[in-house]
Every structure is written in C-alpha cells, then in structure tokens.
Amino acid sequence: MQPLLEGKTIALLFFNPSLRTRTSFEIGAFHLGAHAVVLEPGKSSWEMAFTEGEAMTGDAEEHVREAARVLSRYCDLIAVRCFPKFQDWGVDLEDRVLQGFARHATVPVINMETIVHPCQELAHALALQDHMSELAGKKYVLTWTYHPKPLNTAVANSSLLIATKLGMDVTLLCPDERYILDPVFMSDAQKNAHTSGGTITVSHDIEHAYKDADVVYAKSWGSLAMYGDWESERAVRDQYKHFIVDEQKMSLTNDAVFSHCLPARRNVKATDAVMDSPKSLIIEEAENRLHVQKALMAALCGAHTPATAI
Amino acid sequence: MQPLLEGKTIALLFFNPSLRTRTSFEIGAFHLGAHAVVLEPGKSSWEMAFTEGEAMTGDAEEHVREAARVLSRYCDLIAVRCFPKFQDWGVDLEDRVLQGFARHATVPVINMETIVHPCQELAHALALQDHMSELAGKKYVLTWTYHPKPLNTAVANSSLLIATKLGMDVTLLCPDERYILDPVFMSDAQKNAHTSGGTITVSHDIEHAYKDADVVYAKSWGSLAMYGDWESERAVRDQYKHFIVDEQKMSLTNDAVFSHCLPARRNVKATDAVMDSPKSLIIEEAENRLHVQKALMAALCGAHTPATAI
Amino acid sequence: MQPLLEGKTIALLFFNPSLRTRTSFEIGAFHLGAHAVVLEPGKSSWEMAFTEGEAMTGDAEEHVREAARVLSRYCDLIAVRCFPKFQDWGVDLEDRVLQGFARHATVPVINMETIVHPCQELAHALALQDHMSELAGKKYVLTWTYHPKPLNTAVANSSLLIATKLGMDVTLLCPDERYILDPVFMSDAQKNAHTSGGTITVSHDIEHAYKDADVVYAKSWGSLAMYGDWESERAVRDQYKHFIVDEQKMSLTNDAVFSHCLPARRNVKATDAVMDSPKSLIIEEAENRLHVQKALMAALCGAHTPATAI
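Protein chains in written order, with this note's numbering: chain A, 8 to 317; chain B, 8 to 317; chain C, 8 to 317.
Fair warning: there could be bad hints in the mix.
Repeated chains share a single entry, so a pair holds when one copy, or any two copies, can fit it.
What the hints assert, rightly or not - Straight-line distance between alpha carbons at most 27 Å, and here's what the computed DSS-like set of lysine-lysine pairs gives:
| hint | residue 1 | residue 2 |
| --- | --- | --- |
| 1 | 50 | 146 |
| 2 | 146 | 92 |
| 3 | 218 | 50 |
| 4 | 50 | 172 |
| 5 | 146 | 248 |
| 6 | 50 | 156 |
| 7 | 248 | 172 |
| 8 | 172 | 156 |
| 9 | 156 | 198 |
| 10 | 286 | 50 |
| 11 | 218 | 198 |
| 12 | 50 | 92 |
| 13 | 92 | 248 |
| 14 | 218 | 286 |
Just so you know, the hints here were simulated from the structure itself, not pulled from any lab data.
Chain A with its partners taken away, still in its complex shape (with noise of 0.2 Å):
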C-alpha cells in the first residue's frame, strides 16, 4: 500500500466484459489511494459515436468527443477496453473506439485491450523474467489454438510484439497462411527484432514450431483473411482442433513454459494437464496484470516522490 496515487481517479470503460481487467485495475487503483469508476457504454451509460461530423441520428445518444473531455475533467486517467466488430477488419484496425479517447481525452488513455492488449504484454513480459535468467536467444512460440468462435487477435499482436522486442527467437505457428497475423504487426514485430536482435518466422508445422522451444504461449484468433464472413471461417477452423496445447506436444520443447491469457477454454486450447502443469504460468500471469497495472497507473500520473524523500 503505497499511496502514490492519493486521492486520484481513473475511469474504467467497458464495451465488452473483463473479470480480471476490471478487478485489477480497481484494485490496483484502491491500493495506490485511488479509485475507478466503471462504466459500461451501451449499458449503464449512453451509447457513444466515435465519427466526427456526422449527424447523429442512430442509436448513439453521445458523441466521443464529449464523453472524452467530460471524463478528463472528472478523471485523471480514462482506460478503455473495445473489442474489435469482427465485420470488417479495415475498420477494426482503425481501432476508432481507442483513438477516439485517445484524441479528445486530455487526461492520458490506457488501453484495457482493443487490436492490442498492452497491460497483458506487460504482465507476460513480467512471467517470463520471474522464470527465466535471460529471456534474449530464447526460443518463443506463439501457437494458434482452435476456439469455438472467432476471437480478437489483440493478445496476439501483442504476444508477437513484446517477445521480438525481448530479443526472443519468435515463431508464430498458425494453421495455414489465412491465420497469420496483419502485416502491421507482422512488420512492428520484425523491427523490434532487429532491433533486439532477435528473430521471427511463421511456421504452419506443429512438431517443428515446439521443437526445443523454452515458452509456448497459446492463444486462438479469427482469419484475417476471412474476417466476417465466419460460417466460411468455421469450416476451416473446424479441421484444426488439433492445435490444441497438449503434454505430447509440450515434450518436444526445451521443459517449456506454458503460457495464455485468460480466460481460456480447458480442454479445447490447452489441456488439463498443461494448464495445471508446473510449467503453467497462467496464474501469474494473471496476478501480474495488478502489479504492472499499478506501475503504468502510477507512472502516468502519480505524484512525483518529493526530493527530501530520496
């Protein structure tokens, strides 16, 4: 308990649902002296529109522009979890929601997971050093795994992009080219490995990808290439349950950790037995998003330690 945030605020805005999101960050705020307020668009709050200059004849009753400077002067943080529409990707990757804030808020915006989730980078980030010396030269797979629905790709972009900026050795394994992520991403997370001196190649070859591999983090995502037209996806998608994360799997790596953000589906990602694994860094993970949440918290707006302090 340390009060570095002392009477401070934070608005929590939620247009899609969190248990661990939601409960880190109050609780996080509350450990620093602060407080959240959550608010969910669409729910408990107004619908918002995020076009600027348009009518606004539709459901929206609020515009962005609004909601954004009325909450700065409540607020001296705005955090903002939206979830991608999954009808057209060009749109998504607007990430219109997020920017919108980000534009009108005059109070810093952090991101509770759009087309990236950075607090979750940050809290596997934080896994990892706890367990290994060195993480630069490791061998990192990213591993598509099948999922009942198509779900966002943020935790992905976000995996790839943390683990090339670590210097990692970084495949991304995916069923076939349609899984592989947005060349945005793709070509952020090639820069921060040349940067790093790390690497990053895409593999569809399971056996190949767990080879030796020291991390096996597990997440599954919707095509790209096939964004909103999901009954052609589900077909595809259908043929791979295989990816599954499973011991016979894990025994090919190098005694890898498992990893996935939750929450996760037993037995269709990850199996029991990989999932309660000693291995499983799943829970700290999780445990960790409170503690990055309350550095990144403090370090946007706490109050600086006075200099007779040091």
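Starting from the known structure of chain A, arrange chains B and C on it as the hints suggest.
Same frame as chain A, but now just chains B and C:
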C-alpha cells in the same frame, strides 16, 4: 480533497443509464471521504413496486417502503434517477419513484433526474455565473430542438425554474403550443420571475427569440399534448428539424453563450460549429456537476465544522 | 469506523440480483477500510464453467479453477451468490458454484446465498436476540407462504438450522408434505435440536402452528417434490394463497415477533398490517446484515489486534 463526509455512504439508484451523473457522484463522494454504491433496480437489484396497499402479484419483488427504509439503515444519503415512463403524463407528473423514496427514507434523498433535474440546474447556473458578471436582466432562451425520440422534459423544466429564479428575461422557444411545458412548471417559473424581477415569455418565432439573446440553452423534449401517442407526435416533430442550433441562428444573438446538458446528439440538436465554439459551455457545465453535487452532499449530511475551527 | 481490514479487498460475485447483500457488503468493507469489487459473471464478466475435466465447448469462456485462483491473487476474500437453477434438485443440492470456488480459492469464501443463506441466518439471530431475553424454549414458527414463482429454499433451510441451534421449539408449517425441506437440512436441524435442547416438528395445521408462537418467520419456496415441473406445482401452490401471514393468524400467537428476509411481496406473503406492525423485525433484520457481515469479514481476514493495544 476535504474529508467533509469521512466514512459516510450514499446509495445511487439508477433506473436509467448515466455517464456524468454516476461518475460525478461516485467521484464526488470519494473526494469527500465517502463511498457511493451504485444500484440498478430491475437489473442488478430487484424490481420495485411503488403503489401503496397493493397485493404485489406482478414482476416487482420489493416495495419502496422496504428498499428506502433498508437503504436508510445502510447509507447516509440516497440518490435516485428515474425517467418518466412516457405513457401517461398524469402518472409521470406524480413522480412516484422519487416521492416513494422521499416518503419512506429516513435520510436525505437527492433527485438525479426524474421530472426535474436539479443537479443539472445547479451546474448550469454555476457555468452562467462563471461567464457573466450579472445574470439579472439578461436574455435567456431555452430552445426546443429536434431529436429522433421523445425525451424527458426534466431539464427543460429545470432550465425555466433556475433561469427565472436568477432574474433573467426568459424566452421558451418551441415549435408550437403543443411543446409548451407543463402548467405546474410554467406557473412556478412565473412565480420565480415575479419574485426575482425577471420575465418569462413563450415564443414560436425562431428569429425573434434568438434576437439579442445572451444565453441559448438547447434541449429536446416530447410534446405533452401528444404524450404516449408517439407515432402521431413523430410526424409533427419531423417537421421541426430546423430548430437545430446553428451558427446562423447564433449570429442573431448578443454574442450569446451556448449550452446543453449532455448527452447531446451532434448535428441534430446543435451543429459541430456551435458545440465546439468558444462560447459553448457544455464541457464546463458538465464539469460543474462534480462541484455542485459535492456541495449538495456536504450540505445535506456533512459533519458540522467544529466551533474551534471557525 | 474501525479499520480492521485496512487495504484489504473482497470480490463479490453475483450470479443473481441483490439489493441488501451487495449494499451491505460493499459498505461494510468500506467501513472497515477495505474495498469490494462487484462482479456479475455472464454479464459484466465472463460466463463460467464448473465441471472438472470437461472440454469447454459450450458458452463458458472461463473455468472456476482459473477464476477462483486469479481472484485469490487479487483479493483477500471472495463472496458468491448463486441461486439454484430450479431444474434438478439433485444437481442444485451439490452447490457446485460455491463448492467450486471453495475448492480452488486460496482465500476464504463467503456464501451470499446459494442453497443456504448463512449471512441472513446471522442477521436473523441477532434481531431475535436483540428482542427476546431468552431464545431457548421459545416457540419458533417457520411458515411457508404463497408467492407466484417457485423460490429458493435457502432461507428456509437456514431458518431451521439457526433456530434449532438456538434451542428453540421449532415448527415448520407448510401446506403439505410436498413442501417439507430437504432431508439433509431436516436432519441437520434435528441434530442441532438434540444438542441445544430444542425441538423440531412439521405441521400442516395453520392454527395449531401459530398457537402461542413467540416468533413467526415467513418465507416462500418451491416444492422439492415437484422440482422442475413448475406448471404442475403452480396448480398446487395456487390453492395455498391463504398461508399469507395476517393479523388474524398473528392474534393466535403469544404476541409473537414477525420477520421475513427481504425482498418480500406485500399482501402476498404478509399483509401490510403485519409487515408494518411494531412487532415486525424486517428492517432491523436487514440492517443487521451490515453488522454481522462486518464481523464475519473481520473474523475471516482481519489483522490481529497488536498485543500492545490490548
């Protein structure tokens, strides 16, 4: 941060959505050392009955007699938002939900918008006072605007009440006599004007109303004359889209300040140019909700300043 | 305000609505210096699975194994409300949601009503103790009442358990044998009575049951004998509307106190005259929720009083 309400608690009951009201009350309470609990009857908490003496055989599991008395045992203040049902104005005018809480609670009850919106009134008045050296005798126009749905008259009622109380020369501009507000509020405004030295006039002439105005306050509301018959009313209101507040109309004024309670549909109720003009007080008025509500809560249940501190 | 839980946190998981439980836990935590986070799985947070070993191919995104363990990392206490599903009593009797949290959490778990309602029990017992010099040997009647829907047996089960534990002579009054409570609870109540010197009797005779009663506690519940077959049960329960608690029945008692957990439908379960009589403890029992839950939270995770302070 003045802990005027240290350890006190307030229950915020929302029968309708909210962004500003919820955030500003919750943060205001926190600033004062208190804690706000947010309840949503019919959603996260039980549906309530408000009629005395009835056999509760409908959907409601709980009567306001119990809800108000129990919350009074837990909390030091109760605040209620409950919009009209838009079926029978005679019923809505009775303000049963708020009156039920006021009757049965043993702690002060704050109106967070029912058929009037006193917290918005206070925030509006503060914004005007901050921008104009003298309010008495200034020309104040409350203009009806188009909106695709029939809205609550609460803010319009409150606007007339506060502007007349402040001694302003008030014009209620609306499309035709069917959009005049309820006689209860028209008559109270008349009495206020009589006391304060102000005036109140109804006009259906846009140019005449805007001419030399010092304040333009915009709001949309449903016609009381066609209350509950919204299909018929839609045909009427659809003819009045030109009541939108725009630069051309504002150019007729005495360089008037503009305001609107939020949320407000851009380019429907007012154009972007008006909403974003330097004369627009919308964000400031919204910010003032925080300040006036803190004062209100402290006045209603704050600890008295100890004599020795005076 | 005693900061017995300074800086501590509690997660309140509501799978069902709440007014009193939510407000009293949230305010109780605040009074003790702690903070409560409210979560609504399936609404604001992810839907959960509770079966061990299954492939999670249904609607649930998250397993209680993860939810309980992660919340244990964030919080010092977890509290759960989860009503029965009302389809198969054999399944509901397993209390899977609460048991899942109890099994996987590493912090104490509080029952906020599942198939028993221990916090209500404690509040009820405190109300009785405050009003009667001696409870042992007093006649305590738990009467079934009509309600248009089949309700949870939790409060009825808890009522029998606590009243027998307190050494009272307990009568379970219900319309016929199909409304007797589950043998698990009847037998535990029998054991309690044996230990405490109390008794427990089942009666279907209204007059005989009310005769000379010192306490009348009312509650409605669905028949376990017709569990899940609610259309048939409706026809049965509709014959029993006369079980309503009214002044005529109360006049048979030994000037008994009356109580009912809230919410309660007025003039369905008890008449206005009974609910509002000076002998009615309903508001006081509801208030007691706050006090007993503060004691419970402090007992489960409060800091020990430092020796020097004793």
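Structure versus earlier hints - violations, ascending order: 1, 2, 3, 4, 7, 8, 9, 10
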